[in-house]
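Engineer: Could you build the full structure based on these sequences and the hints that come with them?
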Amino acid sequence: MRKDRPELAQVTEVTSEPYEGEVGRTSEVAMLCSFVQLDKTIPLLLDMRDDLKAVRKTSDATLDEVRAVRKTTDATLEEIKGMREDIQPGYASNFRQMQSDIRAIKERLFVRRAQVKFLNCF
-2 MRKDRPELAQ
8 VTEVTSEPYE
18 GEVGRTSEVA
28 MLCSFVQLDK
38 TIPLLLDMRD
48 DLKAVRKTSD
58 ATLDEVRAVR
68 KTTDATLEEI
78 KGMREDIQPG
88 YASNFRQMQS
98 DIRAIKERLF
108 VRRAQVKFLN
118 CF
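Numbered by the numbering used here, the letters in the sequence shown go through residues -2 to 119 in order.
Be aware that one or more of the hints could be misleading.
[As the list claims (entries may be wrong)] Calculated cross-link-like contacts (lysine-lysine; reagent style DSS-like; alpha-carbon spacing at most 27 Å):
1. Lys103 x Lys114
2. Lys54 x Lys68
3. Lys78 x Lys68
4. Lys37 x Lys50
Read the hints as simulated data drawn from the structure, not as lab findings.
Structural biologist: See the structure below:
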């Protein structure tokens, strides 16, 4: 023990003294350490479980709200589609009237140009 030292270790002093108690096996010490760690971990895990339950309840409530909004959105969309179907026939007739007016204006312009060209010949 006094001769076997790790490389680069700086040991200033090594002491030893007699010990008359029992020294536990390594496996027993490892088990004791595991139990101590589990004793610390279990309460934390239980808290985490409770937090996860609370988050699950909150997410379920949020999901229900999203579903309700979805229903409202679907109803609004159907209403808008219905309004659009009601409005479209009026737009079609207005569009046809506009096309007819444009044709009439073009014909008048053509006639006017023809008259001006005719008069310019004299």
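Engineer: Next step is simple, just say for each hint if it's right about the structure.
Structural biologist: How the hints compare with the structure:
1. For a cut-off of 27 Å, the pair hint linking Lys103 to Lys114 stands: about 16 Å separates their Cα positions.
2. Taking the CA atoms of Lys54 and Lys68, the gap is about 21 Å. The hint holds against a cut of 27 Å.
3. A C-alpha spacing of about 15 Å is found between Lys78 and Lys68, which places the hinted pair at or below 27 Å, so the restraint holds.
4. For a cut-off of 27 Å, the pair hint linking Lys37 to Lys50 stands: about 21 Å separates their Cα positions.
Checked against the numbered hints above, the structure violates none of them.
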